[in-house]
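Visitor: Using the sequences and the hints, build the whole thing.
Same order as they appear, the protein sequences are chains A and B. Position 527 (the first sequence) corresponds to 527 in our numbering; numbering is contiguous. Position 38 (the second sequence) corresponds to 38 in our numbering; numbering is contiguous.
No lab work stands behind these hints: they were computed from the structure. Among the hints, erroneous ones may be present.
[Claimed, not checked] Calculated cross-link-like contacts (lysine to aspartate or glutamate; reagent style DMTMM-like; alpha-carbon spacing at most 20 Å):
id, chain 1, residue 1, chain 2, residue 2
1, A, Lys205, B, Glu5
2, A, Lys540, A, Asp208
3, A, Lys540, B, Glu6
4, A, Lys435, A, Glu507
5, A, Lys540, B, Glu12
6, B, Lys4, A, Asp208
7, A, Lys540, B, Glu5
8, A, Lys148, A, Glu80
9, A, Lys510, A, Glu434
10, A, Lys435, A, Glu536
11, B, Lys4, A, Glu536
12, A, Lys205, B, Glu6
13, A, Lys435, A, Asp501
14, A, Lys438, A, Glu362
15, A, Lys438, A, Glu507
16, A, Lys292, A, Glu516
17, B, Lys4, A, Asp535
18, B, Lys4, A, Glu539
19, A, Lys510, A, Glu362
20, A, Lys148, A, Glu169
21, A, Lys292, A, Asp208
22, B, Lys4, B, Glu14
Because the structure is a prediction, the values reported are computed rather than measured.
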Amino acid sequence: MSTTTTDLENEIAGLTGTHGGHDDAHHGPQKGLLRWVKTTNHKDIGTLYLWFAFIMLLVGGAMAMVIRAELFQPGLQLVEPQFFNQMTTLHGLIMVFGAIMPAFVGLANWQIPLMIGAKDMALPRMNNWSFWILPFAGAMLLSTMFMKGGGPAFGWTFYAPLSTTFAPESTDFFIFAIHMLGFSSIMGAINVIATIMNMRAPGMKLMDMPLFVWTWLITAFLLIAAMPVLAGAVTMMLTDRNFGTSFFDAAGGGDPVLFQHIFWFFGHPEVYIMILPAFGVISQIIPTFARKPLFGYSSMVYATASIALLSFAVWAHHMFLTGMPVAGQMYFMYATIMISVPTGVKVFNWVTTMWRGSISFETPMLWAVAFVILFTIGGFSGLMLGIAPADIQYHDTYFVVAHFHYVLVTGALFSIIAAVFYWLPKWCGRMYNEKLSKIHFWWAVISVNVLFFPQHFLGLAGMPRRIPDYSLQFADFNMISSIGGFAFGASFLLLTYIIVDCIRNGEPVKEARVWESAKGLEWTVPTPAPYHTFDEPPEKALILSESSHIHHVSELAGATAK
Amino acid sequence: MISKEEASQMSEQELLERQRQGARRTATIIGLIAFGIFMLTLFLNLKPS
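Guide: Next up, the structure:
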């Protein structure tokens, strides 16, 4: 393989016979470690993203264990308060930017070209670059812990002036890491948009695309609109800290509340960046195991787009306590509550897809059903937080911690685990251990509720977040929560074993369609998915017959005729 | 996106080249939009001294 050309260029060169006189377009991957450094293949890069995300999940999870161990009992037991603050800050940053977002980009890399009948991502070289920025940015972020003054300890929201005037020296490295992570995300989003808009199989219309592709297209636009705002915020932090500007310094005519506005103008869409692809994953899995077409496909697309648009109009519901006018509170409260309408449409459609279906509960379906139930709990507590007068009570308490962990752990993370179990046999050509996987599912799902559900009660009773010590009345629920946390953390050791065991020793799968009722172009390629797929673009009839939202043969015939 | 009628008259090589040409154009436009949003964020927060 040439080291300076991409797979697609090789493909073109192979077709014209200009690549050293031989057609090497159908070779396999390069051998050795360099394969992973230089690869431009979407499957390789997807695998790299997923493993990186998994490692970061374990690192961020270890930090969560430190937090829960310290909170096991009242009083200071294990760590200094400053270190505790570093743990909460880095845990949040690593989970958001290092685990959840890269995992979804990994799924996008693997699945989008397979689902739209494309040979690869549109910009393979940029794809390689956007991945390889990540390990360096992640390492830089982690290295701040070992610097003079310690790592960032101002929370993942890095509000000024904590992150400017009163922050440790390592904050400049944190800023650089955020810049790099943002740059990587923007490049990934550009690639997703360029791929979906240009590389779809001829004849595949936008409304023929699987829901996972749709949700990722909308997510990519969210990334393009939100990440540069974050980059702007950290750039202003950088100049405030080092070049004498006063964007966020009241003493110089700036405004610290301005930082919160800018941060949440990025931060709220960021929440949807982490949950919209999860909606796509669940919309792929439920029809497969309910053995029914997805109910309300077009309403799902419009609901996703509505959620994305509304996400830019609700940011100040995170700031009800900053002293905004009542009219502002009313607007942001109603706008926030309005998001529950398209989200409700989605939950309704998933339930209706399952209604009277021939449901079987293989592991991916178990995770998908758990997602629907538990994400809805997170959504409801979000509604409670969106009500301005109630939020004055809940703000900065453990109720908020419980809410966003129900959304991001039992929502985003559960969907990623569901996706891995759903597509892993297609990726590696081996089946995971179903019995162990179900044990793991019940272990994780019970322990995660023991971990996060009591935090609602702690918050309602008034326990503030981001504290290493607390009053005695919070002791019992904290101990229960910590026990759940240790059990949930340990469940990931079993998950690691299940995945590694599947890849190395799993029973070989030969069927292209691993799940008998699965629909989608990815199930038409051999198992395991070959290194190069869709040399010939799929025909329109195949695209339509593999659609998970076409109900009847007559509808299929009508669509083909169009 | 290329229609199936157009695609049927193209060779595999022409199809790929056409798709990648479109992809480069899309990427340039989206990249410029992202840079524009970054600059706008900074510009809107600058105050005349």
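Visitor: Hint by hint, note whether the structure agrees.
Guide: Here's how the hints hold up against the structure:
1. Lys205/A / Glu5/B: 13 Å, holds
2. Lys540/A / Asp208/A: 10 Å, holds
3. Lys540/A / Glu6/B: OK: lysine 540/A and glutamate 6/B at ~13 Å, within 20 Å.
4. Lys435/A / Glu507/A: At roughly 13 Å apart (the allowed maximum being 20 Å), glutamate 507/A and lysine 435/A satisfy the hint.
5. Lys540/A / Glu12/B: Distance ~16 Å between lysine 540/A and glutamate 12/B Cα, so the pair holds.
6. Lys4/B / Asp208/A: 14 Å, holds
7. Lys540/A / Glu5/B: 11 Å, holds
8. Lys148/A / Glu80/A: 16 Å, holds
9. Lys510/A / Glu434/A: 17 Å, holds
10. Lys435/A / Glu536/A: Not satisfied, since the Cα-Cα distance of roughly 38 Å exceeds 20 Å.
11. Lys4/B / Glu536/A: Given that 20 Å is the threshold and the Cα spacing comes to 13 Å, the pair holds.
12. Lys205/A / Glu6/B: With a Cα-Cα distance of about 14 Å, the restraint between lysine 205/A and glutamate 6/B holds, given a limit of 20 Å.
13. Lys435/A / Asp501/A: Measuring from Cα to Cα gives roughly 13 Å; hence the hint holds.
14. Lys438/A / Glu362/A: 8 Å, holds
15. Lys438/A / Glu507/A: Since the Cα atoms of lysine 438/A and glutamate 507/A sit roughly 17 Å apart, the hinted pair holds (cutoff 20 Å).
16. Lys292/A / Glu516/A: 12 Å, holds
17. Lys4/B / Asp535/A: Cα-Cα ~16 Å, so holds.
18. Lys4/B / Glu539/A: Between lysine 4/B and glutamate 539/A the Cα gap is close to 8 Å, so the pair holds against 20 Å.
19. Lys510/A / Glu362/A: Given pair lysine 510/A, glutamate 362/A holds - Cα atoms ~18 Å apart, limit 20 Å.
20. Lys148/A / Glu169/A: 7 Å, holds
21. Lys292/A / Asp208/A: 17 Å, holds
22. Lys4/B / Glu14/B: Holds, because 14 Å separates the two Cα atoms, which is no more than 20 Å.
Checked against the numbered hints listed earlier, the structure breaks hint 10 alone; every other hint is satisfied.
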